[in-house]
Every structure is written in C-alpha cells, then in structure tokens.
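Chemist: Single-letter residue listing:
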Amino acid sequence: MSEHPAVAKLKGQFSDNVLDVTEFRGETTITVKKEQIVEICNYLKQELDYNFLTDLCGVDYLGQSPRFMVVYQLYSIGKHDRLRIKAPVEENDPRIDTVSGVWGTANWLERECWDLFGISFDKHPDLRRILLPADWEGHPLRKDYPVQGPDREPYQGRLS
Amino acid sequence: MANTDTMTINMGPQHPSTHGVLQVLLELDGEVVKKATPHIGFLHRGIEKLSEHRTYHQVLPLTDRLDYLAPMHNNLGYVLAVEKLLGITDAIPERAQVVRVLMAELTRLKSHLVWLACHALDIGAMTVFIYCFREREEIMNIYEKVSGARMTSNYFRVGGLSADLPEGLEREIKSFIDDMPSHIDTYEGLLTGNKIWQKRVMDVGYISAEDAIDLGVSGPSLRGSGVDWDLRRDQPYSGYENYDFKVCTDDGCDTWARYKVRLEEMRESCKIVLQALAKLKPGPVLADLPKIVLPPKKDVVNTIEGLIHHFKIISEGFKPEKGEIYQGVENPKGEVGFYLVSDGSPRPYRMKIRPASFINLQALSKMVEGSLIADVVAVIGTLDIVLGEIDR
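For the protein sequence lines, the chains are U and D, in the order given.
For the first sequence, the working numbering gives the first residue as 1, with consecutive numbering after it.
For the second sequence, the working numbering gives the first residue as 1001, with consecutive numbering after it.
Simulated from the structure, these hints should not be mistaken for lab results.
Quick caveat, the model's predicted, so the values are computed rather than measured.
By construction, the Cβ of each residue, glycine as well, lies at the ideal position given by its N, Cα and C atoms.
Careful: at least some of the hints might be erroneous.
Stated by the list, open to error - The calculated label-pair distances, taken between Cβ atoms and stated as ranges, are:
| # | chain 1 | residue 1 | chain 2 | residue 2 | range |
| --- | --- | --- | --- | --- | --- |
| 1 | U | Glu35 | D | Lys1145 | 53 to 59 Å |
| 2 | U | Arg128 | D | Lys1281 | 42 to 48 Å |
| 3 | U | Glu23 | D | Glu1170 | 38 to 44 Å |
| 4 | U | Asp20 | D | Gly1124 | 29 to 35 Å |
| 5 | U | Arg128 | D | Gly1087 | 53 to 59 Å |
| 6 | D | Pro1016 | U | Gly138 | 30 to 36 Å |
With the hints as extra help, turn the sequences into a complete structure.
Modeler: Written as structure tokens, this is what we have:
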C-alpha cells in the first residue's frame, strides 16, 4: 500500500516533529513530539479536514522510555478516512497540552486519560477525575497498578 | 458567599428518567437551566483493565456488558477488531457474515424500541412503552433461541459464530419482520400527530451540525443534525456494502428530528433483515483456522487434533503479531470502536473502547443550557444513553 497522503504533508509542515510512521493492516500511525501537539492537531483539522476526533486515550508501556503514549484517533467525515496520531509522554513529566480547543470531544476524553493514567493535560478547562471518585488514589490503568485492587501485590507480568 | 440568584439541584443518581445511575447537577434560575454538569462513573467496572488480563476469547463476554441494550453490536465490534488485528477479515465465511448483519439489525431494532419506549414514557406517553416492549419481547425470544441468553448474548466468535441459527428460526424472524412496519405505524400513530408530543420535542435540545461534530456526537443523534454519515455505508464491515439501505438524516437539529431519524432507521433495519434472510445460504459459520477458532464440540471429544487445539486455545490463547488497530462499527447509539494494542502475547496489551454514549452525553450540557428543566428529561431520552457503556 502506498503511503498515506497526510504523512508527506505533515512532514513538510512539521519536519522536526514527526518521529515515526508505521503502517499496520492498512492503518497509518504517525508518532509526533508532544511539544507542538496543538499546532499539529490544528493543522490536521483545518488543512487536512480531520474534523472528527473519534477517540483519545493513553497507553502505558511500562519499562520503556518514554513510558506513556497519548493516542488520537482521527476521522474525516468528508473524506471517510482514518488517521492515528501518537505522542510520547515521559514518566517523570507526565503532561501534554490539551487539544480540547481543537475538538470539543477531547474535554471528557482527556479527563478520562488523567483519571486512569495520571497524564496531565495543560491548559485543560476542567481537569477532574471523571469515572472514579474525586478522592481516589492512584491511576488504575497504569501497568503497575494491581488488577485486584490498590493494596494487593503489584503486577508481576503475564503468567503465560 | 453563596449565589442566591440561582439554585443547584441534583437530578439523579436515583432518578427514573436518567436511564441508569447518572447524576446531573442542575444550576437553575427559576425553571431555566443555567448550567448542567453530568457526573458519571457509578457503574465503572474496569472492563479495559480486566481485558488486559484475559485472553482474546475471554474478553468477548465482557463486551456484552457495555451497551447492554445492544450486546451483539458490541460483540460485532470486538470480533471485527480482533479479526483485523489477526489479519483474517477475509477468511470469515459468507453465512457467518450474513447472520452477523441479520442479528445486528435485529439488535438495532431492539435498541431503538427501548429508546422509543423510555423516551415516550419519560415525556408521559405510557401506551407507547407497552407496545414497544411487546415487540422487543419477540426479539428477546429470537435472541434466546439463537444464543441461549436474552441479554448477554455472547454469540459471535472470532472467526464466525458460536453456533448456527436453529432450525425454523428464519421463518420466525421473517414473520416478525413482516409485521414490524405496521407496528412502527402504530407508534407513529400514537406520537407523530400528537400535539402534546410535538410540543415536548419540537425545538427542544437544539444542537447544530458544527457543534455536534465538534463534540464528537455520532449515530442517529448526529444524523438528526443533518450530517449524512453512517459507518455501515461509509466504511462498510461484515458485508454491509452488499445491502441496499438508506441513511436517514434530518436537518431539524432538535429532538423531533432525532425522533424521525430513529423511526426511519427502524424501517430501514427491517429492510436489511429481509435482504439478509434472502442472502442466507447453507454453509459453515466458522472460519477454517484451527489455531484461532475453537473447534466444534464433537471434534473436541472425537478427534485428537480437536482436543489439542481446544486445549491450546483455552489454556494459552492465540498470539496476534505486534501491532495496533482501530475498528469502529455503527451501533444503534453511535460509533462504537475498539482500539487494540498487541505486544505479541495472547492477551490484549491495551484495549480502549470508544463508547458512543459517553461521548454523546458530553453534548448534554450544550443541549440543555438555557432551556426549561422539564426539557432535560427529553434531551437525556433523545441522546439514548446507556450507562453500562458510559462507565465501562
């Protein structure tokens, strides 16, 4: 399959920011630096017509550096095309700028990501926990958070 | 000092028209809503966390518990995602694909019936509730015959279906669907021309197309704002490209428009079910992939290969190669998607569910601010939310 058209455009506009491009099962994933994430998302929305933020989530790659990835699933309602953007976030500085100014959808999704992963979104209008109670300690979707509950043995890796 | 001009009241979490355990903090100026803040999470069960500790086959029953009014759609989204991750999308037998579409559209009917029943009941039209649940019961009976369960179906499998349709069920579905359009006429007869209904839904819960897209609203709620977008047509899965159906839209942007869109969708679903029944040809319902698909019970007890494969898949599971995919399907409520990350082990490294209701509910504040408190009930109804999916 030929390269996704957005890749060349994004490389032309933000050449220093594009870290990696992967293709798997016909889906394109572009990894970018987190510093200019808002500018990149604005460009993708305004110029390349990705007007619909389907989903936003975190992934914890415990043991790797950088530890977290923030994943943006984009969709263009006009072109019926999907694109995935990822931005790495360091463990010792788990923060990234909010894109809720670009797509309103991001507001709750970023709250969920903060709630479950502890990734903070700078300039977010209302960064509170959303699924868990306000006084909850810890971030359950992190890989070092035990599945049985907070006061159990830490996760030791897969059994099989 | 507290603001004495406005009053803040709780709607829910124990309120009959919040459709589950949803709490909405309403800041009121007299009867006008100044601000509405939804509080969710009362039903959070950590399905995404749990799925990281189960094999791909074991995750499937969890997906039933998301949108429990449309379990087969969640199953469908999940199995399609795993099949895409494995790269076996083309290996699914024709009959399995047709049955998937058939059951998915019956599920859409079932989900829309509950929406109409509860939406009308919330606004005070009780008769509609009784009629809708009468038809829903028939779909539940079909569900029970197909999967053995009325709600948590767990019917689809990675690679096909858990079992073929039982003898004679096609005739039963056919006779049910033949009657369905006249039932929909009955609901319309009770509501569409009804002055009280019109006053309660017209110009209520207005959301423009731009705002709806910005807030990520999908499904019938988006099509009620005039956006012509349906994943079944625009990114077809499970053979939807072979069916002839109309994507229903309405430019009204209000509760009335969304009501008309969903009723029209029910009629289209009936047409798709009939087309699927006509396409149904005898054949296998499971792909021939012994390392991935669980063998039929008779092979497990009669052949050594079947026994070994069964043992390996149950005890260890299958290992998709490293990679990540996203698969979205058009649920009755909107786009439901599964983002799967595989690290090459038999369990998903990360599974993120894109919940349609969660994202649609975000639009609630926008839709009710400035309207009367009684309209909040109508707007929650028209968004057609399910808390099982919102809280996961």
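Chemist: Each of the hints needs a verdict: does it hold here or not?
Modeler: Hint by hint, here is what the structure shows:
1. Glu35(U) with Lys1145(D): 53 to 59 Å: holds, 57 Å
2. Arg128(U) with Lys1281(D): 42 to 48 Å: Since arginine 128(U) and lysine 1281(D) have Cβ atoms about 54 Å apart, the given range 42 to 48 Å is violated.
3. Glu23(U) with Glu1170(D): 38 to 44 Å: Holds, at about 42 Å.
4. Asp20(U) with Gly1124(D): 29 to 35 Å: violated, 57 Å
5. Arg128(U) with Gly1087(D): 53 to 59 Å: violated, 41 Å
6. Pro1016(D) with Gly138(U): 30 to 36 Å: Given range 30 to 36 Å: holds, Cβ gap about 35 Å.
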